[in-house]
Amino acid sequence: MLDGVESLLPQLPADKEIVVVCAKEGSSILVAEMLSEANTALSVSYLEGGMKAWSSYVEPIKVADLSGDGELYQFVRLGKGCLSYMVISDGEAAVIDAVRFTEVFTSFAAQKNVKIKHVFDTHLHADHISGGRAIAQSTGATYYLPPKDAEEVVFDYTPLEDGLTVQIGASKLEVGALYSPGHTIGSTSFIVDGTFLLTGDILFIDSIGRPDLAGLAEDWVGDLRETLYRRYRELTEELIVLPAHFMIMDELNEDGTAAKRLGDLLAENHGLNIKDEEQFRQLVTEHLPPQPHAYKQIRQVNMGKMTPDSDEQTEMEIGPNRCAVR
Amino acid sequence: MKVDKVIDVKGLACPMPIVRVKKAMDAVASGEVVEILVTDKGALADFPAWANAGGHIILDQTEDAGVFKFFIKKA
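Going down the list, the sequences are from chains D and L. Take the first sequence: its position 35, counting from 1, is numbered 35 in the numbering used here, and each next residue is one higher. Basically the numbering used here = 1-based index in the second sequence + 326.
Since the hints were made in silico from the structure, they are not lab data. Bear in mind that the values here come from a model prediction, so they are computed numbers and not experimental data. From the three backbone atoms N, C-alpha and C, an ideal C-beta is built for every residue, glycine too. Treat the hints with caution; some may be incorrect.
One-sided and incomplete, this derived list gives chain D residues near chain L with beta-carbon spacing under 7 Å [stated by the list, open to error]:
| # | residue |
| --- | --- |
| 1 | L2 |
| 2 | G26 |
| 3 | S27 |
| 4 | R281 |
| 5 | L283 |
Cross-link-like lysine to any residue pairs, in silico, SDA-like; alpha carbons within 20 Å at most [claimed, not checked]:
| # | chain 1 | residue 1 | chain 2 | residue 2 |
| --- | --- | --- | --- | --- |
| 6 | L | K349 | D | M51 |
| 7 | L | K367 | D | Q297 |
| 8 | L | K367 | D | Q313 |
| 9 | L | K336 | D | Q313 |
| 10 | L | K367 | D | V5 |
| 11 | L | K349 | D | V5 |
| 12 | L | K367 | D | T314 |
| 13 | D | K24 | L | L338 |
| 14 | D | K52 | L | D372 |
| 15 | D | K24 | L | L370 |
| 16 | D | K24 | L | K367 |
| 17 | L | K367 | D | Y179 |
| 18 | L | K367 | D | M51 |
| 19 | L | K348 | D | L30 |
| 20 | L | K349 | D | L2 |
| 21 | D | K24 | L | W376 |
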């Protein structure tokens with residue numbers, strides 16, 4: 001568009017609002033001005049802060065009331081497709097799969113007048129930088145990681161073992177861990193208040209996790225199969241699945257949450273309905289989508305081996321999350 | 327290397343470096359060499375892509391203390 005916008009004009013609808021988007025805002029201002037000058041009938045605006053700002057925007061949405069006076073919130077990072085969670089009960093909170101914008105979680109907790117006591121990561125993330133450790137450090141909360149994913153980490157953490165249960169607040173609202181390997185060898189799900197199943201990057205609304213981001217697809221495909229086709233099937237179908245990502249807007253409900261009954265996913269999700277094990281193995285090890293941008297570096301950051309500044313972190317997280325196979 | 331024109335866009339943020347460079351390139355003759363000084367890291371991806379699209383040739387590219395230098399020959 002350096003040479004002008006004339007070639008674009010015939011393709012632009014005059015009856016719709018046009019938003020010009022670029023990486024950091026600068027070019028979109030220039031192009032929006034050019035469009036407005038070229039055709040004053042167009043309604044043109046630009047995205048303030050560009051994709052850089054859009055990618056860092058996080059919206060907390062209430063999923064449900066829990067037993068006692070408990071509440072469950074899903075934090076939707078729209079520009080990146082990351083989903084984080086906060087479980088609140090009686091003045092205490094647990095945070096699960098927090099993204100790196102830690103202030104979103106700590107200020108939300110302050111606003112709700114709750115103290116963050118437990119911080120979990122369902123696995124060592126490869127597509128985005130975790131905010132878990134930083135939140136635990138600033139609040140004094142316990143930080144849990146699955147030990148099988150944490151063999152190389154260079155900081156202290158509390159092992160997130162199968163069957164571990166924490167109780168939130170005086171009403172002892174339960175958050176229980178269920179070992180569910182496959183996306184990574186340590187991947188662990190959570191059952192919250194006996195009602196919600198937080199699947200991390202193992203099961204999404206319209207896709208399943210990919211087993212290759214730590215470089216071991218062939219080794220982990222059996223674990224993924226076992227988790228999706230046995231462990232999850234032993235659970236009650238009434239559980240509501242809450243994943244750690246969404247890939248397409250169709251996966252979101254009308255209220256903006258990504259949440260669906262396990263029984264519905266068992267019936268409808270393509271990745272849960274491949275009878276033939278060999279066909280399943282091929283789906284999750286061959287023809288995989290490209291790996292997330294800088295995923296090896298992101299893993300290093302989440303292990304504490306690299307400490308990039310804020311701009312470098314933004315750069316690493318550019319692009320879609322790509323944690324799924326459809 | 328014989329440089330016909332030097333363009334200093336240090337300190338400018340995207341999209342101004344590429345806008346200025348395009349204007350300067352329009353003003354030189356085919357085969358002439360332009361030296362560009364730029365600090366915006368976006369230039370590392372933008373300049374080669376832009377040069378490639380226009381058939382210009384990047385003769386050399388260096389970095390010194392955060393200042394990137396491009397030597398581009400006009401198509």
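Quick rundown of the hints versus the structure:
1. Using the Cβ-Cβ criterion of 7 Å, the hint placing D:L2 at the interface with chain L is satisfied: the shortest such distance is roughly 5 Å.
2. A hinted interface residue such as D:G26 counts as satisfied when its beta carbon comes closer than 7 Å to some beta carbon of chain L; here the least separation is about 5 Å, so the hint holds.
3. Among the interface hints, the one on D:S27 holds; its C-beta lies about 4 Å from the nearest C-beta in chain L, closer than the 7 Å criterion.
4. Hint status for D:R281 relative to chain L: violated, with the closest Cβ pair at about 37 Å, above 7 Å.
5. For D:L283, the suggested interface contact is broken, since its CB lies about 33 Å from the closest CB of chain L, more than 7 Å.
6. This hinted pair does not check out: L:K349 and D:M51 have alpha carbons roughly 27 Å apart, beyond 20 Å.
7. For the suggested pair L:K367 and D:Q297, the alpha carbons sit about 19 Å apart, so the restraint of at most 20 Å is met.
8. With a C-alpha separation of about 15 Å, the suggested pairing of L:K367 with D:Q313 holds against the 20 Å cut-off.
9. A distance of roughly 24 Å separates the Cα atoms of L:K336 and D:Q313; the hinted pair therefore is violated under the 20 Å criterion.
10. Pair hint L:K367 plus D:V5 does not hold up; C-alpha atoms about 25 Å apart against a cutoff of 20 Å.
11. The straight-line distance between the Cα atoms of L:K349 and D:V5 is roughly 16 Å, inside the 20 Å bound, and the hint therefore holds.
12. For the suggested pair L:K367 and D:T314, the alpha carbons sit about 13 Å apart, so the restraint of at most 20 Å is met.
13. Distance hint between D:K24 and L:L338 is fulfilled; the C-alpha atoms sit about 13 Å from each other, no more than 20 Å.
14. Under the criterion of a C-alpha separation no larger than 20 Å, the hint pairing D:K52 with L:D372 is consistent with the structure, at around 17 Å.
15. About 15 Å separates the Cα atoms of D:K24 and L:L370, which keeps this hinted pair within 20 Å; it holds.
16. With a C-alpha separation of about 12 Å, the suggested pairing of D:K24 with L:K367 holds against the 20 Å cut-off.
17. The hinted pair formed by L:K367 and D:Y179 fails the criterion: a straight-line CA distance of about 43 Å is larger than 20 Å.
18. About 16 Å separates the Cα atoms of L:K367 and D:M51, which keeps this hinted pair within 20 Å; it holds.
19. About 15 Å separates the Cα atoms of L:K348 and D:L30, which keeps this hinted pair within 20 Å; it holds.
20. Between L:K349 and D:L2, the direct Cα distance comes to roughly 10 Å. Compliance with the 20 Å bound is thereby established for this hinted pair.
21. Among the hinted pairs, D:K24 with L:W376 is consistent with the structure: their alpha-carbon atoms are about 18 Å apart, no more than 20 Å.
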